[in-house]
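Heads up: the protein sequence lines correspond to chains A and B, in order.
Using numbering that gives the first Met the number 0, read the first sequence as starting at 0 and increasing by one per residue.
Using numbering that gives the first Met the number 0, read the second sequence as starting at 0 and increasing by one per residue.
In short, the hints are calculated from the structure, not lab data.
All C-beta atoms in this analysis are idealised placements derived from N, C-alpha and C, irrespective of residue type, glycine included.
There could be a bad hint or two in this list.
Derived DEER-like restraints, expressed as beta-carbon distance ranges [unchecked claim]:
no.: 1; chain 1: B; residue 1: Ile-189; chain 2: A; residue 2: Tyr-18; range: 26 to 34 Å
no.: 2; chain 1: A; residue 1: Lys-26; chain 2: B; residue 2: Ser-167; range: 29 to 37 Å
no.: 3; chain 1: B; residue 1: Leu-135; chain 2: A; residue 2: Gln-21; range: 42 to 50 Å
no.: 4; chain 1: B; residue 1: Lys-4; chain 2: A; residue 2: Ser-44; range: 24 to 32 Å
Quick list of in silico lysine-lysine cross-link-like pairs, DSSO-like style, CA-CA up to 27 Å [unchecked claim]:
no.: 5; chain 1: B; residue 1: Lys-105; chain 2: A; residue 2: Lys-122
no.: 6; chain 1: A; residue 1: Lys-91; chain 2: B; residue 2: Lys-283
no.: 7; chain 1: A; residue 1: Lys-81; chain 2: B; residue 2: Lys-171
no.: 8; chain 1: A; residue 1: Lys-135; chain 2: B; residue 2: Lys-284
no.: 9; chain 1: A; residue 1: Lys-98; chain 2: A; residue 2: Lys-81
no.: 10; chain 1: A; residue 1: Lys-91; chain 2: B; residue 2: Lys-174
no.: 11; chain 1: B; residue 1: Lys-190; chain 2: A; residue 2: Lys-120
no.: 12; chain 1: B; residue 1: Lys-32; chain 2: A; residue 2: Lys-122
no.: 13; chain 1: A; residue 1: Lys-7; chain 2: B; residue 2: Lys-190
no.: 14; chain 1: A; residue 1: Lys-120; chain 2: B; residue 2: Lys-32
no.: 15; chain 1: B; residue 1: Lys-105; chain 2: A; residue 2: Lys-127
no.: 16; chain 1: A; residue 1: Lys-143; chain 2: B; residue 2: Lys-284
no.: 17; chain 1: B; residue 1: Lys-174; chain 2: A; residue 2: Lys-81
no.: 18; chain 1: A; residue 1: Lys-234; chain 2: A; residue 2: Lys-35
no.: 19; chain 1: A; residue 1: Lys-199; chain 2: A; residue 2: Lys-127
no.: 20; chain 1: B; residue 1: Lys-190; chain 2: A; residue 2: Lys-91
no.: 21; chain 1: B; residue 1: Lys-171; chain 2: B; residue 2: Lys-284
no.: 22; chain 1: A; residue 1: Lys-98; chain 2: B; residue 2: Lys-174
no.: 23; chain 1: A; residue 1: Lys-122; chain 2: A; residue 2: Lys-143
no.: 24; chain 1: A; residue 1: Lys-7; chain 2: B; residue 2: Lys-230
no.: 25; chain 1: A; residue 1: Lys-135; chain 2: B; residue 2: Lys-190
no.: 26; chain 1: A; residue 1: Lys-143; chain 2: A; residue 2: Lys-120
no.: 27; chain 1: B; residue 1: Lys-171; chain 2: B; residue 2: Lys-105
no.: 28; chain 1: B; residue 1: Lys-171; chain 2: A; residue 2: Lys-98
no.: 29; chain 1: A; residue 1: Lys-127; chain 2: B; residue 2: Lys-283
no.: 30; chain 1: A; residue 1: Lys-143; chain 2: B; residue 2: Lys-190
no.: 31; chain 1: B; residue 1: Lys-105; chain 2: A; residue 2: Lys-98
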Amino acid sequence: MSINNEEKIKIKADNINFYYGQSHAIKNLSIDIYDKKVTAFIGPSGCGKSTFLRMLNKMNDLVPNTRAEGTLLFDGQDILEKNTDVVSIRKKVGMVFQKPNPFPKTIFQNIAYGLEVNGVKDKDFIRKRVEDSLRKAALWEEVKTRLHTSALMLSGGQQQRLCIARCLAVEPQVILFDEPCASLDPISTNKIEELILELKKFYTIVIVTHNMQQAARVSDYTAFMYLGELIEFDKTATMFTVPKQPKTEEYLSGKFG
Amino acid sequence: MNSQKEKIIKLIFTILAFASLLFLLGIIIVLFKESLPIFKEVKLHDFIFGKHWYPTYDPPEYGIMPLIAASFWVTAGAMIVCVPLGLGSALYINEIASFRQKQILKPIIEILAGIPSIVYGFFGMLIVAPFLQNLLNIPSGLCAFTASLVLGIMAIPTVTSLSEDSLSFVPKSFKEASYALGANRWQTLIKVVIPASMSGISTSVILGMSRIVGETMTVLMVSGGAAIMPKSIFDPVRPMTSTIAAEMGESAVGSPHYHALFAIGLILFLVTLIFNVAAEHISKKYRVKLGLNR
Numbered sequence: 000m001s002i003n004n005e006e007k008i009k010i011k012a013d014n015i016n017f018y019y020g021q022s023h024a025i026k027n028l029s030i031d032i033y034d035k036k037v038t039a040f041i042g043p044s045g046c047g048k049s050t051f052l053r054m055l056n057k058m059n060d061l062v063p064n065t066r067a068e069g070t071l072l073f074d075g076q077d078i079l080e081k082n083t084d085v086v087s088i089r090k091k092v093g094m095v096f097q098k099p100n101p102f103p104k105t106i107f108q109n110i111a112y113g114l115e116v117n118g119v120k121d122k123d124f125i126r127k128r129v130e131d132s133l134r135k136a137a138l139w140e141e142v143k144t145r146l147h148t149s150a151l152m153l154s155g156g157q158q159q160r161l162c163i164a165r166c167l168a169v170e171p172q173v174i175l176f177d178e179p180c181a182s183l184d185p186i187s188t189n190k191i192e193e194l195i196l197e198l199k200k201f202y203t204i205v206i207v208t209h210n211m212q213q214a215a216r217v218s219d220y221t222a223f224m225y226l227g228e229l230i231e232f233d234k235t236a237t238m239f240t241v242p243k244q245p246k247t248e249e250y251l252s253g254k255f256g
Numbered sequence: 000m001n002s003q004k005e006k007i008i009k010l011i012f013t014i015l016a017f018a019s020l021l022f023l024l025g026i027i028i029v030l031f032k033e034s035l036p037i038f039k040e041v042k043l044h045d046f047i048f049g050k051h052w053y054p055t056y057d058p059p060e061y062g063i064m065p066l067i068a069a070s071f072w073v074t075a076g077a078m079i080v081c082v083p084l085g086l087g088s089a090l091y092i093n094e095i096a097s098f099r100q101k102q103i104l105k106p107i108i109e110i111l112a113g114i115p116s117i118v119y120g121f122f123g124m125l126i127v128a129p130f131l132q133n134l135l136n137i138p139s140g141l142c143a144f145t146a147s148l149v150l151g152i153m154a155i156p157t158v159t160s161l162s163e164d165s166l167s168f169v170p171k172s173f174k175e176a177s178y179a180l181g182a183n184r185w186q187t188l189i190k191v192v193i194p195a196s197m198s199g200i201s202t203s204v205i206l207g208m209s210r211i212v213g214e215t216m217t218v219l220m221v222s223g224g225a226a227i228m229p230k231s232i233f234d235p236v237r238p239m240t241s242t243i244a245a246e247m248g249e250s251a252v253g254s255p256h257y258h259a260l261f262a263i264g265l266i267l268f269l270v271t272l273i274f275n276v277a278a279e280h281i282s283k284k285y286r287v288k289l290g291l292n293r
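Just chain A, same shape as in the assembly:
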C-alpha cells in the first residue's frame, strides 16, 4: 500500500509471503516505508508484525525451516534475492530488540563491537565514534565516567539506550525497534520515545509495538496487521482518529487485542 506519493520510499515491500514451516505468518503484504519517518506496526500477538520487522534485516535467515516470497526493495535492491549480501544489509539496517541485550562486555566494548567486526582498526576513530553514539543515544552524561565497567551493571532503560547507541555506531540508514519498551518502566519508556523522535531526523525508523498510545506518540505512519495480513496503513493521525476498516477500529478501541 502506498499512501503518500510525496515522500521518498526507503523500503518497498511487494506481495510478501512468509512461512514458518507450514504456518503462513505473513500473507500478501505490500507496504511502503518512507525515508526518515517513523512507521509503527501494531496488532495483536502473532499477527506477523515482528516477523515482517525481522525480514527487513534478514534476521529470519537465522531461523531454520522458513521461507519468504515476494520482493522487498531496499533503495531499489531486492534483499530477498538469494545472493544478497546479508552482512551489508544488516549494517544498513540496525535493530533494537525487545529485551535490552548488551553483550557481557564493558560499555565501551559494546559500542566498539560493531566497528571492530566491520574491520575498523583506528583506535581514535573508535573512541570518537563511541562518544558520538552515546551522545546521540542520550546516554553519554550518565556513563562517561564508567565506560570501562560492565554494561550489565546499567539499569534496564540505560541498557536499552546502550543498545541503541551500539546500533548507531555502525551508521545504519534504517533502525528497527522490536517492542523496545516492553520490559521498561514508564520513565525509561518516555526517554526511549523522546530518543526515537530525535533520531527520525537522521534515520528511517520502523517500530513494532503492543502499545497503541506509543504508536500514536512516536509514529508518522501506522500499519495495523491482523492474522498475517495488513489490514490498514495510513498516517498515524488519520488512522487513530478516523480508521477506515472496522477491524482497525475494533482493535484501537480495545475490543480485542
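Given the coordinates of chain A, assemble chain B onto it according to the supplied hints.
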C-alpha cells in the same frame, strides 16, 4: 505437630548435607595422620625432589620426583589430546551440527564418559600400545605417550559435555545482537559466544585435567610402570596414582613405605583440590563479569 515434623525433617536434611563435610574431614585427617610419619625418615624437600624411588631397597629411597614427573608428562600430553578434541566437538555440536547430527553426537560422547576406566586400560594395553610400538618403532608401547593418548580420549567427554552446556547457555539474544550489527558467524562465535561461556569452558578443562591426574586404573595398565625419571615421552613411566595402586598391597601397614604412599596420596589430594578451587574461582569470577549475581 506440624511444626515439629518440619523441624525433624529439617534436622535430617541438615545432617545429610553436612555428612559429606564429615567424610571430607575424615579423609583429610587420615591422609595427614598416615602420611606425616614418613617425614621422620626423609625430609619433605628430599621426598618431593628426590630422584630415586626405591622404597623396598636397603637402605630405601623415597624420592617421588620420578612419579610427579610421570604424572605431569602424562597429564600434559593428555591435555594436548583432550582440549582441542573436546572443545572442537563442543563447538561443532553447538554451532555447526544440524539438529539430527546433534541428536546423534551428544549421546555418543556421553556414552564415552560411561565406559569404565578399566575398559580404556584394556583398549590401551591390547590395541593402542602394540599399534604405537610398531608404528613408532619404540621398545615398549606401554609408555607415557600411550597413557596420554588413552587418558586424553577418556577426558574428552568431560570437556565436551561441560563446555557444550555452557555454550548452549549463551542467550540467543547475544548472538542476535551480534548478527544484527553485521558480524558473521565466526566473529560472533569468537567474540561473543566463546567469551560469554568462558567460565564453563575453563571449568570443563580444569575438571578434565583433574580427572586425568586422578585416574588410576588406566594409567596403571598402559603407562609401563617404571619408577624412573622419564627422559622422553616414549619412556615407560609410573605416575603417582598407579604407584599407590600397585604398591599399597605389598607394603606393610605402618612401615615407612606405607606412610610414603599415603604422602603421595596427600599430594594428589592437594593438587586436585587446587584444580577444583581454581575451577570454582574462575567460574565465579566470570559470573561477576557477566553481572549475573547482582
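Verification of the hints:
no.: 1; hint: Ile-189/B x Tyr-18/A: 26 to 34 Å; verdict: holds, 33 Å
no.: 2; hint: Lys-26/A x Ser-167/B: 29 to 37 Å; verdict: holds, 35 Å
no.: 3; hint: Leu-135/B x Gln-21/A: 42 to 50 Å; verdict: violated, 58 Å
no.: 4; hint: Lys-4/B x Ser-44/A: 24 to 32 Å; verdict: violated, 46 Å
no.: 5; hint: Lys-105/B x Lys-122/A; verdict: violated, 42 Å
no.: 6; hint: Lys-91/A x Lys-283/B; verdict: violated, 38 Å
no.: 7; hint: Lys-81/A x Lys-171/B; verdict: holds, 25 Å
no.: 8; hint: Lys-135/A x Lys-284/B; verdict: violated, 33 Å
no.: 9; hint: Lys-98/A x Lys-81/A; verdict: violated, 30 Å
no.: 10; hint: Lys-91/A x Lys-174/B; verdict: holds, 18 Å
no.: 11; hint: Lys-190/B x Lys-120/A; verdict: holds, 15 Å
no.: 12; hint: Lys-32/B x Lys-122/A; verdict: violated, 60 Å
no.: 13; hint: Lys-7/A x Lys-190/B; verdict: violated, 38 Å
no.: 14; hint: Lys-120/A x Lys-32/B; verdict: violated, 61 Å
no.: 15; hint: Lys-105/B x Lys-127/A; verdict: violated, 46 Å
no.: 16; hint: Lys-143/A x Lys-284/B; verdict: holds, 25 Å
no.: 17; hint: Lys-174/B x Lys-81/A; verdict: holds, 22 Å
no.: 18; hint: Lys-234/A x Lys-35/A; verdict: holds, 14 Å
no.: 19; hint: Lys-199/A x Lys-127/A; verdict: holds, 22 Å
no.: 20; hint: Lys-190/B x Lys-91/A; verdict: holds, 21 Å
no.: 21; hint: Lys-171/B x Lys-284/B; verdict: holds, 22 Å
no.: 22; hint: Lys-98/A x Lys-174/B; verdict: holds, 13 Å
no.: 23; hint: Lys-122/A x Lys-143/A; verdict: holds, 17 Å
no.: 24; hint: Lys-7/A x Lys-230/B; verdict: violated, 78 Å
no.: 25; hint: Lys-135/A x Lys-190/B; verdict: holds, 25 Å
no.: 26; hint: Lys-143/A x Lys-120/A; verdict: holds, 22 Å
no.: 27; hint: Lys-171/B x Lys-105/B; verdict: holds, 20 Å
no.: 28; hint: Lys-171/B x Lys-98/A; verdict: holds, 11 Å
no.: 29; hint: Lys-127/A x Lys-283/B; verdict: violated, 34 Å
no.: 30; hint: Lys-143/A x Lys-190/B; verdict: holds, 24 Å
no.: 31; hint: Lys-105/B x Lys-98/A; verdict: violated, 31 Å
Going through the hint list in order, the structure does not satisfy hints 3, 4, 5, 6, 8, 9, 12, 13, 14, 15, 24, 29 and 31.
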